[in-house]
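Undergrad: Keeping their order, the protein sequence lines are chains S and L. The opening residue of the first sequence carries number 0 in numbering that gives the first Met the number 0; numbering runs sequentially from there. The opening residue of the second sequence carries number 0 in numbering that gives the first Met the number 0; numbering runs sequentially from there.
Just to be clear, a hint being listed does not mean it is correct.
[Claimed, not checked] Cβ pair distances, simulated, as ranges:
| no. | chain 1 | residue 1 | chain 2 | residue 2 | range |
| --- | --- | --- | --- | --- | --- |
| 1 | L | Asp1 | S | Asp89 | 24 to 32 angstroms |
| 2 | S | Ser223 | L | Val285 | 41 to 49 angstroms |
| 3 | L | Thr36 | S | Ser188 | 55 to 63 angstroms |
| 4 | L | Asp1 | S | Met318 | 35 to 43 angstroms |
| 5 | L | Ser385 | S | Asn98 | 22 to 30 angstroms |
| 6 | L | Val285 | S | Lys9 | 25 to 33 angstroms |
| 7 | S | Lys35 | L | Asp414 | 54 to 62 angstroms |
| 8 | S | Arg321 | L | Asn47 | 55 to 63 angstroms |
| 9 | S | Asn254 | L | Lys312 | 36 to 44 angstroms |
| 10 | S | Asp414 | L | Asn47 | 56 to 64 angstroms |
| 11 | S | Lys352 | L | Gly376 | 30 to 38 angstroms |
Hints in this document: simulated from the structure, not taken from any laboratory. Glycine included, each C-beta is placed from N, C-alpha and C at the ideal position.
The residues making up each chain are set out below.
There are 2 protein chains.
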Amino acid sequence: MDINSREHAKQQDEQDPLRHFRRQFIIPSQADLARKTLKHDTNHHNQNEESTYLCGNSLGLQPAHTRTYLERYLDTWASKGVYGHFKPIDDSNLAPWMNVDDDVVEDMAKIVGAKSSEVAIMQTLTMNLHLMMLAFFKPTKQRWKIILEGKAFPSDHYAVESQLRHHGLDVDESMILIEPPSKDNPILSTEHILSIIDEHASETALLLLPGVQFYTGQLFDMNSITAYAQSKGITVGWDLAHAVGNVPLQLHDWNVDFAVWCTYKYMNCGPGSIGGCFVHERHGRVSPRAVGADGEDPAEYRPRMAGWWGSSKSSRFAMTNRFEPIPGAAGFQISNPSVADITSVRASLDVFKQTSMEELRQKSLKLTQYLEDLLAGLTLEQENGSGACFSTITPADPAQRGAQLSVLLKPGLLDSVMDSLEEDGVVVDERRPDVIRIAPAPLYNSFMDVFNFVRAFRQACEKATAIS
Amino acid sequence: MDINSREHAKQQDEQDPLRHFRRQFIIPSQADLARKTLKHDTNHHNQNEESTYLCGNSLGLQPAHTRTYLERYLDTWASKGVYGHFKPIDDSNLAPWMNVDDDVVEDMAKIVGAKSSEVAIMQTLTMNLHLMMLAFFKPTKQRWKIILEGKAFPSDHYAVESQLRHHGLDVDESMILIEPPSKDNPILSTEHILSIIDEHASETALLLLPGVQFYTGQLFDMNSITAYAQSKGITVGWDLAHAVGNVPLQLHDWNVDFAVWCTYKYMNCGPGSIGGCFVHERHGRVSPRAVGADGEDPAEYRPRMAGWWGSSKSSRFAMTNRFEPIPGAAGFQISNPSVADITSVRASLDVFKQTSMEELRQKSLKLTQYLEDLLAGLTLEQENGSGACFSTITPADPAQRGAQLSVLLKPGLLDSVMDSLEEDGVVVDERRPDVIRIAPAPLYNSFMDVFNFVRAFRQACEKATAIS
Ligand SMILES: Cc1ncc(COP(=O)(O)O)c(C=O)c1O
Ligand SMILES: Cc1ncc(COP(=O)(O)O)c(C=O)c1O
Numbered sequence: 000m001d002i003n004s005r006e007h008a009k010q011q012d013e014q015d016p017l018r019h020f021r022r023q024f025i026i027p028s029q030a031d032l033a034r035k036t037l038k039h040d041t042n043h044h045n046q047n048e049e050s051t052y053l054c055g056n057s058l059g060l061q062p063a064h065t066r067t068y069l070e071r072y073l074d075t076w077a078s079k080g081v082y083g084h085f086k087p088i089d090d091s092n093l094a095p096w097m098n099v100d101d102d103v104v105e106d107m108a109k110i111v112g113a114k115s116s117e118v119a120i121m122q123t124l125t126m127n128l129h130l131m132m133l134a135f136f137k138p139t140k141q142r143w144k145i146i147l148e149g150k151a152f153p154s155d156h157y158a159v160e161s162q163l164r165h166h167g168l169d170v171d172e173s174m175i176l177i178e179p180p181s182k183d184n185p186i187l188s189t190e191h192i193l194s195i196i197d198e199h200a201s202e203t204a205l206l207l208l209p210g211v212q213f214y215t216g217q218l219f220d221m222n223s224i225t226a227y228a229q230s231k232g233i234t235v236g237w238d239l240a241h242a243v244g245n246v247p248l249q250l251h252d253w254n255v256d257f258a259v260w261c262t263y264k265y266m267n268c269g270p271g272s273i274g275g276c277f278v279h280e281r282h283g284r285v286s287p288r289a290v291g292a293d294g295e296d297p298a299e300y301r302p303r304m305a306g307w308w309g310s311s312k313s314s315r316f317a318m319t320n321r322f323e324p325i326p327g328a329a330g331f332q333i334s335n336p337s338v339a340d341i342t343s344v345r346a347s348l349d350v351f352k353q354t355s356m357e358e359l360r361q362k363s364l365k366l367t368q369y370l371e372d373l374l375a376g377l378t379l380e381q382e383n384g385s386g387a388c389f390s391t392i393t394p395a396d397p398a399q400r401g402a403q404l405s406v407l408l409k410p411g412l413l414d415s416v417m418d419s420l421e422e423d424g425v426v427v428d429e430r431r432p433d434v435i436r437i438a439p440a441p442l443y444n445s446f447m448d449v450f451n452f453v454r455a456f457r458q459a460c461e462k463a464t465a466i467s
Numbered sequence: 000m001d002i003n004s005r006e007h008a009k010q011q012d013e014q015d016p017l018r019h020f021r022r023q024f025i026i027p028s029q030a031d032l033a034r035k036t037l038k039h040d041t042n043h044h045n046q047n048e049e050s051t052y053l054c055g056n057s058l059g060l061q062p063a064h065t066r067t068y069l070e071r072y073l074d075t076w077a078s079k080g081v082y083g084h085f086k087p088i089d090d091s092n093l094a095p096w097m098n099v100d101d102d103v104v105e106d107m108a109k110i111v112g113a114k115s116s117e118v119a120i121m122q123t124l125t126m127n128l129h130l131m132m133l134a135f136f137k138p139t140k141q142r143w144k145i146i147l148e149g150k151a152f153p154s155d156h157y158a159v160e161s162q163l164r165h166h167g168l169d170v171d172e173s174m175i176l177i178e179p180p181s182k183d184n185p186i187l188s189t190e191h192i193l194s195i196i197d198e199h200a201s202e203t204a205l206l207l208l209p210g211v212q213f214y215t216g217q218l219f220d221m222n223s224i225t226a227y228a229q230s231k232g233i234t235v236g237w238d239l240a241h242a243v244g245n246v247p248l249q250l251h252d253w254n255v256d257f258a259v260w261c262t263y264k265y266m267n268c269g270p271g272s273i274g275g276c277f278v279h280e281r282h283g284r285v286s287p288r289a290v291g292a293d294g295e296d297p298a299e300y301r302p303r304m305a306g307w308w309g310s311s312k313s314s315r316f317a318m319t320n321r322f323e324p325i326p327g328a329a330g331f332q333i334s335n336p337s338v339a340d341i342t343s344v345r346a347s348l349d350v351f352k353q354t355s356m357e358e359l360r361q362k363s364l365k366l367t368q369y370l371e372d373l374l375a376g377l378t379l380e381q382e383n384g385s386g387a388c389f390s391t392i393t394p395a396d397p398a399q400r401g402a403q404l405s406v407l408l409k410p411g412l413l414d415s416v417m418d419s420l421e422e423d424g425v426v427v428d429e430r431r432p433d434v435i436r437i438a439p440a441p442l443y444n445s446f447m448d449v450f451n452f453v454r455a456f457r458q459a460c461e462k463a464t465a466i467s
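Extracted from the complex, chain S is given alone in its bound form:
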């Protein structure tokens, strides 16, 4: 069957073993997106035609359960007040608030390939990055540099820059930015990354890279890069904003030192929702207190910014003020977490736990390949016509990308293309001046979504070229 046909997309959806997950999400209708209100306007036709939402790399869609869970959270707060902290409730699947964080780590750990004790759900992505650097970046005269990408997400760049300043280091000479070898190609090969590591190996304290690059969609070889940098004595941290819930991860086995992520993209926990943090078990150990001649010596553990939520539960309400870190990532927690946010995390994980990252990846590879194939066809078509409007900057090798493809438009087309897509009820994400990012999320996107996108994109390109 012609892969460019609607029937092909339909058939692929019918054969998709994960297709039922879409029904566990609320897909905005085209009318929803178009109107300026929340309320339904019953004069409109086609109210229920679903939009084509390919923007889970920016904000994941809402699981249908989330509302039920949040209402249950509100019911608990309303009817139990402070008792909600510790009294279990028979007809609620939500944990007492003092345990909400523990309640989600096991399922989150599966998603990032970690032991439960290596994961904490806490704070926000950049905040966790700071906390990790405060614990892991201890510059010395010998080793003081941090290597990151030249085109890191701004927040990571600022975080690293301010950490270097905090230690009184000169940013220009301490912040090693990996730039692509050629200006035309933003992809950073593993080889190239390793060569930069080599260049600065003996002076570098920390390597910080993204699992999946936000702009290009490149998936890095986390395993090899981690091993290589560590073999040179460098600590390795990963920003998994675009990787978590997108590609399978094996943080424990890869021996990653630390990682941080957010939950509002492929994890579908809502805008600004609470972040996540991985600390390898070898860094989270707490030695028992040694009893010496003068009484108890303090326990030994990796120094960190401390807060009561990282201290053992029994110590939290004691009046002794003795910090007793919980072993593992939980010992890096600072404050009692937002229960509203963790409730959304619970709702999301209850979808994820019905499948596995491996199954999701199988579907994702097909979906993104299908997107690439259709875009390749469109390029050919455009080249045979008035010229190609775009090129794909994401690696063609499926092993080097996650769900997202990033498309570089010819200059001047972006605004018109985005307007047309929006008119057609297609949501993707732009990066000015010229890039659009298309991310079919395997949990809720369909082959038909990809088909619809490419159809709308074809027209959008035609229109944009005509008026430019």
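Place chain L with the ligands on chain S using the hints.
TA: Frame of chain S, contents of chain L with the ligands only:
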């Protein structure tokens, strides 16, 4: 009229100009608190008898609006997806998500007596404390000590301790703990505090105190203490967990350097909800970039841990990675904030903005005085009987306390007293081994609540003494 009579309480409620606020909150019924489920059990009588909830110092009750607002937030996410970040919605009072933080600062600033630009709603209390210390605690050979209370809230203690270690300082000699002059009286007089400041003045970098002490309920003279410490060259920060929404504050006029707080106590935003942060305007200035011979020099501003949310909105999606701090407290933001949490903050502030902290304080003074008077009567009664069961440790001077009274029970009574209170549908908060804290929150508590508490407490004491 006899102040010990139910009629007196009733009359006081009738005369209370703020009494209508109670209806804007969900008061758990006694049946709600007693059952182990969320669902109503229709076989029970007295289902609707309200509980006596005097625990707003630990977890504030839920404003009735909160559910409506959170549903609207969910509707926005469900029907607009990523467009929720920037598209205003005609029939929603909630700001587009990229502005939710700005949307709440003005009303929050009124509550803490600050300019809007001095307040940021961000992160969590202890996290903000760390961020503030990272920006304000710069120990030198001359000044390296931090003064705090010996009985600080554990999280503050741990935070300070870990900051000192982070700078390689010896905790024992750098962490100056203010202990009460006598073991029997945990109150710290201003005079005593100033004398400790004097003792360490020339070596102290930072003074950190609570606005209202969590255990004793003591309200500190923030204005005088701040001025005195600053006159000795010391930076002054306040933990306002128990002060915000409880007592009027004038952080700007008091010239406080920084302050941090949470929103789940008197602010009624739900368990673990997002925190707040005050940075005095003189510390938040950002000088314009100077244009020198070699092009633009970077802007000047107080060094801090940086993140994209502290950078100007126009820079956030630029690919230049140049940190351009927002002037004021907002420039200390790190990450995009939890929209669910800020939605709860919006709901709460929409209650607070119908009154003022001054009006609330007027009522609060009366409510707590009434509680004290009834407790004094009970003490007399007990002394004339089998002996007093408790004493009040909170200062008797209304100017030295907020809403809360802390009561020290005779040893061994706590468990029994708490059990009896719970049976009677009375919620207060315990601090082991022997303290209970009773906090009539002026927004939703009534004189009848106080009356009911004391009645139940009288019986609880009798029962506890009988069995002990
Ligand atoms: C006085 C005080 N400081 C700090 C905290 C810690 O708050 P968080 O867990 O939000 O950091 C609390 C919590 O109750 C508190 O009462
Ligand atoms: C790759 C990456 N890093 C960091 C961030 C910053 O996230 P937060 O605001 O949650 O700290 C983002 C946000 O989209 C991101 O995509």
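Undergrad: Can you name, in rising order, the numbers of the hints this structure does not satisfy?
TA: 1, 5, 6, 8, 11
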